[in-house]
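There are 2 protein chains.
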Amino acid sequence: MKKTTLFFLMVTAFLHSQSKDELMLKDIYKFSLTKVQCYAWLDDLSNKIGARPSGSPGAEKGVAYTKKQLETLGIDKVYLQEVMVPKWVRGEKETAYILDNKTKIAVPICALGGSVATSQKGLNAEVIEVHSIEEVKQLGVAVKGKIVFYNRPMEPENIEAFKSYGNCVDQRFYGAKEAALQGAVGTIVRSMNLRLDDFPHTGAQSYGDLPKANYIPTAAISTNGAELLSKKLKENSHLQFFMKLSCKQYDDVLSYNVIGEITGTEHPEKIMVVGGHLDSWDLADGAQDDGAGCVQAMGVAEIFKKLNYKPKNTIRVVLFMNEEFGGKGGKKYEELSKLNQENHIFALESDSGGFSPRGFSLECDEANFNKVNSWVKLFEPYLIHSFVKGHAGSDITPLTSSKIVKAGLKPDSQRYFDYHHAANDKFDSVNKRELELGAATMASFIYLFDQYGID
Amino acid sequence: MKKTTLFFLMVTAFLHSQSKDELMLKDIYKFSLTKVQCYAWLDDLSNKIGARPSGSPGAEKGVAYTKKQLETLGIDKVYLQEVMVPKWVRGEKETAYILDNKTKIAVPICALGGSVATSQKGLNAEVIEVHSIEEVKQLGVAVKGKIVFYNRPMEPENIEAFKSYGNCVDQRFYGAKEAALQGAVGTIVRSMNLRLDDFPHTGAQSYGDLPKANYIPTAAISTNGAELLSKKLKENSHLQFFMKLSCKQYDDVLSYNVIGEITGTEHPEKIMVVGGHLDSWDLADGAQDDGAGCVQAMGVAEIFKKLNYKPKNTIRVVLFMNEEFGGKGGKKYEELSKLNQENHIFALESDSGGFSPRGFSLECDEANFNKVNSWVKLFEPYLIHSFVKGHAGSDITPLTSSKIVKAGLKPDSQRYFDYHHAANDKFDSVNKRELELGAATMASFIYLFDQYGID
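Residue numbers (my numbering), protein chains in the order written: chain A, 267 to 721; chain B, 267 to 721.
There's no promise every hint is true.
Identical copies go unnamed one by one, so any copy, or any two together, can satisfy a pair.
Stated by the list, open to error - Once the Cα atoms are required to be at most 30 Å apart in a straight line, the calculated DSBU-like pairs of lysine-lysine come out as:
{"no.": "1", "residue 1": "LYS301", "residue 2": "LYS429"}
{"no.": "2", "residue 1": "LYS655", "residue 2": "LYS637"}
{"no.": "3", "residue 1": "LYS500", "residue 2": "LYS359"}
{"no.": "4", "residue 1": "LYS497", "residue 2": "LYS314"}
{"no.": "5", "residue 1": "LYS343", "residue 2": "LYS359"}
{"no.": "6", "residue 1": "LYS301", "residue 2": "LYS370"}
{"no.": "7", "residue 1": "LYS314", "residue 2": "LYS292"}
{"no.": "8", "residue 1": "LYS655", "residue 2": "LYS387"}
{"no.": "9", "residue 1": "LYS286", "residue 2": "LYS655"}
{"no.": "10", "residue 1": "LYS292", "residue 2": "LYS429"}
{"no.": "11", "residue 1": "LYS572", "residue 2": "LYS429"}
{"no.": "12", "residue 1": "LYS643", "residue 2": "LYS292"}
{"no.": "13", "residue 1": "LYS296", "residue 2": "LYS655"}
{"no.": "14", "residue 1": "LYS692", "residue 2": "LYS314"}
Keep in mind that the hints were calculated from the coordinates and are not lab data.
Please take these sequences and the hints and turn them into a complete structure.
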């Protein structure tokens, strides 16, 4: 064959292939913005079922509901995967006061996940404000008998709100343990929230290897509450703080990951996971965190099925249980995957809220990263521009197949921490179109990896 | 000089210049996310002043407030520009019912801007549902004596919500005129809203060259109301619709554009405008439309002043009056600019809401478009990716300098029509960080054009 002919054929093949992918993405986005059921599913999950903390009746209702909805899609397999999960219950709504001489000012707090309760009478002590775990170590005995108040705010100047969260969340996660080691009697942590408001934001914390007897109660305070407490402390460093927590840790209980599959036509043994986590915190409905990710993952299956797309590889929707407080679902999934000698080539998680999608955060090698970058033009009409290396998702972190591309959907992050783990993480905080655009973006990305494989 | 030396110097100069711009953008974004006053200004405009329809006391308070705030920035000039504007007043809250045999169902409506009132008893007539102005023309006498119900929804499948608005808004703007020409007694228009909810969305409409005696009352109905009415019409095509509007058009009144300037150090005669519009609709506070754009434009002046940036060209903040209902402020601005033989090289408007910025929509020639594209990398760290040709802004449309680049800030558009011209366009719909990122993006773009000029 002449070189020019070969070149002509290559160009034709390229244009044809481009055009096929362009058309498929067009179909995916159109279906998503007009027909996908994500928003209706999220309405049910949020408003009919509500909060789904692991081990709760809500979580079990979520399992039954999503299994049933996946079954109605007519995909090849739908099943549950057993997993033992922690069960921690908040109990009575918390109360807290700043006690400044004779004035008593109520402030909004909530126990952090895994915290022990205070005594029934509550805890009353002086407060010491700090801005880092390091500072507590340095203070040493100076914190003894006191409530340590971690008040380092999320940095407003980062463009990505998750960066600010990452730079701040150690106070919440490890703060109680370190304060307990130095003899503190409790901790309160400024909520991980970039906004000043009255919502306390819960979240996981860990006492690590402390003996149980040394556990101290730990709670989050709203950002407005933190500002007020800090101001009052400047006026009177000996003021007292009162808090009462009634939370309790129970034995682990049986729960489930929910799984639905479309079997691959060419490589049924190669698995591409798409998922979110079904559990939420207990203060609201977990619409953003992570009802949105769950219904988007289910939406990917619906999109492929309804567009009659037959994937080459097996597409597996996984709704993980217990991301928020132990990550047992993700760990169990990997354990069983190893046991069954499964071959995962790709995993995509959506766990950053149902906001306008902006791109993907990727854990992969250079070859696959370059491949993704060759698709950038395909995504431009959908305003998807950001393909970067970075953390993909907590539930897919345990997956250890030798060759695997991991991705996290990157939605716009500015509003996420207004709702994260707080009582306003409700259905009305999610915009239908933004949610649907996320599902379309996920389906498009999976379609391209399914077509072209991983390197 | 040797060619290689020249090349080396050019590369050095390029790298130096890149790095200078990178640093400036970094400073701009950091200042915006930590110190700019936009959000506090918007709080005042929304919650202390409220609705600012042109010719209203709210609009005049808005003029006084923003003038004063610009003065506190210590910029070179702050002044008002007189402009006569239309004054239309809604009067009593509208009432409307679907009258189906003996049942009477209240539905949420609001008069469109410029509509005449119904009689004091209200208007009662049969309804005919249509989906376009063309259809009304074809129906002709069949609409006589009836209320024409325009019910073509915004298309959900477009990625840019403004495209759907553009494809739909003719029903609102020209619908009443055409229906009146065919003998209809009133019109109701499905609200320009991509969401199903209970908010009617007002907006400008025009009777065009119709004799005043032929004007008919026209109102918007909420999307849920439109769905219900359409359903009921399918069951009973002879049902009656009742509506009562008390609105009234008054004589034009004196108002103002608000202007603040930083005089250029090298080319004081070359003017770069940055603006939004100070008037709003009357149903809410106009926080998104266009309080956000106003405070962002003011924010640009604050950013430059506080960062001690001395622009080469004159930066002129213009808060236009009466964009919503006649565009008199923009027209007057251009008229005076011509009269004073001013030379505008650049104009940027923010009038698409205070959501996360995504890029700019540009009216310019190829040379300047290429220049903008050479800055793409500078904006990547701020997740600003979309530089496209398209409509820049209504208030800057009249500007006719022979060489001018016009730009419109492009925020994420998915949520905009949830609030546009409706009673929920309030302060709490605007996120502080998204607003501030918009101001930073505008300041950065102006900085680059100020540094490198237009071609």
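Problem - Hints violated by the structure (numbers, ascending) - result: 5, 6, 7 and 8
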